[in-house]
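> Mind docking chains B and C on chain A? Use the hints.
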Amino acid sequence: MPPETTLPLETVGATATIAIDRVLCTGHGICAHVLPDQVSLDEWGYPILDDTTAELAAARAAARLCPARAIRLRTPG
Amino acid sequence: MNRTDVAPSGLLAALSEAGLTGRGGAAFATARKVEAAHRHGAQLIVNACDGEIGAAKDGWVIEHHLVELVAGARLVAPDARRIRYAAKRDSATAQRLRAAGLPVLEVPDRYVSSEETALISLAHNGLARPLTKGEPFVQGGRDSHGRRIEPSVVLNAETVWRVAQIADRGPRWFRAHGTPAEPGPRLVAISGAVPRPGVLETEAGMPLRTLLAAAGGLADGAEVIGVSGLSGVLLPRAAATGMRWDSGDLGRFGGSIGPGILHVWDPARCPVEHVDDLLQYAAGQSAGQCGPCMFGLPAIAADWHALSTAQDSRAADARLERRIDLLPGRGACRFPDGIARFAASARSLLADHLADHAAGRCPHRDRSNHAA
Amino acid sequence: MSNELLWYLSRATGIASIVLLTAVVVLGVVTAGRRDPRAERATVVMALHRWLSLGMLSFLLVHIGTAILETYVAIDVISLLVPFTSDYATVWVGLGTLAFDILLAIIATSMLRHRLPERLWRLVHWGAYAMWPLGLIHGIMLATSDQPLLAATTIASGGVGAAAIAWRVTSSYADRDRRRAVLTEQWS
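Residue numbers (our numbering), protein chains in the order written: chain A, 72 to 148; chain B, 4 to 375; chain C, 916 to 1103.
Chain A extracted, bound-state conformation:
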């Protein structure tokens, strides 16, 4: 399965599974701001994944905005 797939139509309620590449992650913390229900930051600014499922649009934004390209998505199906 490719790391980030594109669905031809965005449906309301579509979700994605988030994974973090820990080697690429350098602690920018943007994912925690874009996905507050799924990601919190530890005392050094690195992400804690509280929940790996997120609404698709927000998950895509997190993946796009991560400066280190450390957010990978798996869209269902």
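Hints were generated in silico from the structure; no laboratory data involved.
It cannot be assumed that every hint is accurate.
Stretch-level coverage of chain C by chain B, calculated; a stretch enters the list once three of its residues show a Cβ under 8 angstroms from a Cβ in chain B [to be verified]:
(1) 1021 to 1035
(2) 1083 to 1097
Interface residues of chain A toward chain B, partial, derived using beta-carbon atoms under 7 angstroms [as the list claims (entries may be wrong)]:
(3) G84
(4) V94
(5) L95
(6) W115
(7) Y117
Where is the CB? At the ideal position from N, CA and C, for every residue including glycine.
Frame of chain A, contents of chains B and C only:
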């Protein structure tokens, strides 16, 4: 079943029926790994690094069963050019492999360098540091930075030896040893405060006191027994003598059979200080790739040191507990998970001793002072 | 559209482009050079960096399009992409073309980042440190003496950008320091 006549499908059926699992610690089903290796034409790296603290069985297999090991490797990777034997640079194991004319992958002497994906990285002319795991590398893939990784599979030396044995003697022989959940003969390296340290052949379910007796018994005053080195747990002497060497009993202490290591701690040494040294060592062994590890491990080591030296012990203990909980699953490899397991076990087992340290006492120091 | 209007539009959008480009570079440098404890601020900087780069691209396309269309100076369509092909100010226009080529590569690889090897993206993105000075020199050398404001704005942008880059070279943060320290150990 003559091992040179075994057809691939026959081998897979035999391995599956035998229930062989990886002997390097992760205990993954070997039949599935070998099947995937065959399907993708994967290169094989035989892990003979003895990377864990107190490990010795990989070197023992190379020393005593090299011919069978090589036969086993050929069963996993029929093309001999696709096999390499990983061993620590300047180790006796590496020398033996070279003397036998086998291709050696020389591994730097660092704790995480013998991790599965660290070996794969090294085999691709990269650094011996773990890779982020996406799809299994048996099918090939890319590392985090997009570098191409060829189909590669890593198997522990003992596991590969067992593959050859199963092909030769059949799965029923294998299952005649051990337990239904953890079948087959197993090696265990026993070291530390015992008269006769060494590598023994045993099996899951063996009473721990039998293993320790085979090494000559516990030294007087030995109170702590370490299982699986830095990634394992500590057992108290009293419990150890009554339990079995299997993941069920070891699981009650948060551990598992792992890579077959038992180390009896030196009774003359304060265990709290011993843990202090080990956590400092662990902090310096981070591959420096993942934030939670490269900052979390030194922080935990500092917290334990504060407990050891009675510096604001209550706050340090609270920090230690919180930080231990945040280590697992947040690195590219399981090194921080192992340290979390080890530190949690030590904190639990040595709770009374830590309380003494918090009050500025140490039972070991007091004992030796009184003796002086 | 009269030739004179095209000429003025080209220069106006050119100045806008260099100012916006400098802003984009500074935003990128700030993201790379530190770790902001406030995630909200880091998000805004990153979003602005991406958003402004596309805004800058539109100004740039008008700048290039009007420069090609107007007949006062001889610049043909080929000079959009192939450097050093214009009759007018071959070298200085060429530097602009070269900067534009690098920019296209940066934008394309950024939009396709998740489908490309990360090391390729990084290599191309480092090209920004060549693209930006090329654009600056292009702007300074082609500003005519009767409009000192254009040259002044370009030079001021250069100063701001240079300060940001100097800060980037000397700054550090815990993650980078620790990674570098570990890399000095024996890993192969």
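> Indicate, hint by hint, whether the structure satisfies it.
Evaluation of the provided hints:
no.: 1; hint: 1021 to 1035; verdict: holds (count 5)
no.: 2; hint: 1083 to 1097; verdict: holds (count 6)
no.: 3; hint: G84; verdict: violated, 27 angstroms
no.: 4; hint: V94; verdict: holds, 5 angstroms
no.: 5; hint: L95; verdict: holds, 5 angstroms
no.: 6; hint: W115; verdict: holds, 4 angstroms
no.: 7; hint: Y117; verdict: holds, 4 angstroms
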